[in-house]
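Chain by chain, the residues:
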Amino acid sequence: MKSIAFKGLRARNTFWFYIFASPWILGFLMFNLGPMIASLYLSLTNYSVLMPTRFVGLYNYQEMLKDKLLRISIWNTAYYAGLGVPLGIILALILALLLNHKDLRGRSFFRSTFYVPSIMPIVALSILWIWLLQPRYGLINTFLHFFGIKGPNWLGDPVWSKPGLILMSLTGVGGNMVIFLAALQGVPVHLYEAAELDGANWWNKFRHVTIPMISPAIFFTLIMGFIGSFQVFTQSYIMTEGGPADSTLFYVLYLYRYAFDYFKMGYASAMAWFLFIIIVTLTFVQFRLGTRWVYYGGQ
Amino acid sequence: MISRALSRREFLRVCAGTMGAMLAAGCAPIPATPAPEEAVPEAPPAKVAVTLQFWAEGFSEWVEGRIDAYKELNPEVTVEFVTFKWGEMTPKLLTASAGGTPPDIVIQDRFRVAGWAGRGGATPLDDFVAQYNVKPEDYWSATWAEAVWAGHVYAIPFETDGRFIFWNKEIFEAEGLDPDTPPPSQDWEAMIDLAIQLTKQAADGSVDVMGFIPCQTLGYGNGGDYVYAWANGAKYMKDERTAWMDNPKLVETLQWEFDCVEAVGGIEKASEFSSGWPTVAGFSPFGAGKLAMMVNGDWNLSTFAKYYPDLKFGMAPWRMRGKEDEYTGFAGGFCWAVPAGAKQLEPTFEFLNFLNSYESHLDAGIRYQVIPCLKKAALSDELINSSPYPELRRMANESMEYANFRPVTPVAEEIQDLWTYPGTGRDWVLYGKKTPEEACKDMQEIVQKALDEYWASVGA
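Residue numbers (this note's numbering), protein chains in the order written: chain A, 1 to 299; chain B, 300 to 759.
Simulated from the structure, these hints should not be mistaken for lab results.
Beta carbons: idealized from backbone N, C-alpha and C, even for Gly.
Treat the hints loosely; a few may be bogus.
Here are the computed distance ranges between Cβ atoms for each label pair [said to hold, decoys possible]: (1) B/359 / A/37: 33 to 43 Å; (2) A/145 / B/606: 26 to 36 Å; (3) B/400 / A/234: 23 to 33 Å; (4) A/90 / B/469: 48 to 58 Å; (5) A/297 / B/503: 55 to 65 Å; (6) A/36 / B/400: 14 to 24 Å.
Starting from the given sequences, assemble the full structure and let the hints guide the process.
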């Protein structure tokens with residue numbers, strides 16, 4: 001009897017799981033899975049959209065190995081993700097900690113202020129940042145000038161173009177900030193009280209209570225951040241066109257050119273699958289490493 | 300209440316059923332339009348209602364005006380116009396073509412025609428040309444040349460634009476130069492010297508007035524990179540199957556562009572100067588007196604009249620290298636094309652013929668201050684006199700007679716990206732990553748590979 005009840009509960013849970021997940025499942029099956037399977041096949045062809053398609057085996061993948069610009073685009077994208085994601089998380093966490101103080105006046109105003117840029121259209125944001133990063137009259141360099149620092153030619157110098165775009169990406173930390181705020185409010189107060197009784201200072205409380213308790217939120221933002229950053233496109237498409245000197249030629253921008261400018265959808269499909277493998281591998285590694293530092297209450 | 304847990308199999312069955320039903324609903328035929336009431340026997344047979352799809356990037360006001368005019372003459376034809384931002388139509392046209400639902404007619408960048416036609420993405424317009432007696436000689440030859448691929452006409456030239464050397468007369472005067480004498484574009488070394496002479500530093504070491512930066516986008520340049528190559532006698536292709544990006548003439552041209560940038564302070568100064576000026580009307584460093592010379596398009600005439608009415612400037616065609624009285628130019632611009640798979644050719648051709656009329660060309664030319672591809676419209680007094688600078692407009696329009704055009708090849712996009720666009724290719728040289736020889740060699744490799752793959756894909 002006990003066993004039957006357990007089965008019933010499990011089945012019921014499973015049923016409701018699928019019901020709640022069904023919008024995504026149906027959407028994925030109807031709009032994503034088909035194109036994904038098709039693109040896997042197309043990556044083995046010379047598909048140009050307009051012409052008859054011919055099977056070419058692994059030719060596209062072999063060509064990718066020889067493609068010098070592809071290697072540059074991978075490096076650019078890894079640089080952007082590797083520096084931008086951790087920076088974004090740290091800044092979002094700092095903001096969340098500051099805005100979590102109960103005695104901070106105008107908390108809601110500041111929370112909204114920091115959050116709003118993250119929901120602004122990326123195109124509008126890109127155009128705005130062209131101005132902010134302008135070397136002579138831009139707000140960023142004007143600010144640096146107050147401290148006697150001559151700001152760089154952000155978008156016109158191959159060394160500074162990626163840091164410029166990373167700086168811009170920090171405008172979007174509001175989304176992560178909200179996640180961290182929610183996580184911080186879920187940390188039981190008694191844990192801090194117990195730590196204080198043990199003589200812990202603010203750093204110890206942060207290090208040994210806050211971080212472990214919000215580690216699932218950090219893990220989530222890390223995973224999503226890397227997935228998003230590896231698909232960075234709009235900023236370089238609008239602001240730099242991949243330049244100067246290929247320094248912001250990101251992977252998806254390069255893929256887009258092959259797909260829509262050069263009629264090489266087969267090659268672009270192969271590139272897309274390679275990117276998929278990179279992201280899946282990175283996510284898998286993060287999940288494996290996550291078991292060492294992510295704390296789920298009750299486990 | 301009796302409840303029963305749904306098994307996984309049953310759940311999947313439900314999902315599959317739902318999906319199937321949705322797909323079936325999506326694929327269901329669209330209900331036929333109710334048949335109109337039968338006409339009385341005496342009345343002439345009613346014309347069948349037709350709806351055409353027309354896509355373009357820009358030109359909205361003109362297109363809408365033309366559609367209204369056409370509707371008055373042909374009430375049974377409805378033209379649905381979809382306009383896109385610059386650069387956004389091509390991906391959508393590609394996907395619509397893939398889905399078998401392309402628009403009936405598009406305004407397309409003319410240099411892309413060979414790329415679409417060569418891949419079977421455009422409908423040949425030979426029948427249209429024959430049916431409506433369209434004569435190639437009525438159009439600027441450069442614009443017609445871009446509309447033809449493999450012996451077939453795939454587009455009808457619509458409007459074009461030239462590239463010229465502009466100079467600020469006040470800056471020239473202040474330097475003791477004759478403001479009415481065009482810069483010595485035939486002498487590349489003299490142009491570098493002049494660029495140095497006209498460049499002025501600000502107190503903080505940045506460039507206050509830039510003499511000349513020859514490259515696309517940098518220094519407000521547009522299209523010059525092609526013009527210099529043609530002025531130097533360079534070609535981008537040996538024949539339709541062989542690229543010639545490593546042509547010594549192209550290497551020389553790229554070297555000169557690099558030398559010119561170096562002479563005015565190097566790419567660091569050039570890009571710093573350029574990044575301060577957004578490429579939108581009303582923000583021209585040339586108009587603001589901060590740029591002494593530039594190579595740009597004739598559309599600047601109307602821009603200057605609107606935003607910088609007091610600007611004293613000159614505009615002249617670029618000379619062939621080493622020749623005082625031989626010029627070259629660049630005919631860019633757009634055309635009308637019919638994507639492959641467009642099904643209503645007869646009404647589309649009728650509408651295209653209406654668009655291609657003298658009045659239509661003239662209307663667009665006057666409205667946008669561009670050069671109609673139809674010579675008669677381009678040279679009409681009505682158009683010339685509509686310009687705020689009639690003499691310069693006349694010179695620009697007449698220069699189309701000897702204007703050059705981008706290589707007509709299915710890999711024209713690759714050539715343009717590498718040769719003129721900021722970001723890659725030419726940037727390798729400007730930013731000191733490669734010598735002009737190395738850059739041209741690498742460009743050759745990329746373009747030749749694209750060509751080889753194209754010809755292999757068409758089985759030839």
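Evaluated hints:
no., hint, verdict
1, B/359 / A/37: 33 to 43 Å, "40 Å, holds"
2, A/145 / B/606: 26 to 36 Å, "29 Å, holds"
3, B/400 / A/234: 23 to 33 Å, "27 Å, holds"
4, A/90 / B/469: 48 to 58 Å, "52 Å, holds"
5, A/297 / B/503: 55 to 65 Å, "57 Å, holds"
6, A/36 / B/400: 14 to 24 Å, "23 Å, holds"
In this structure, every one of the numbered hints holds.
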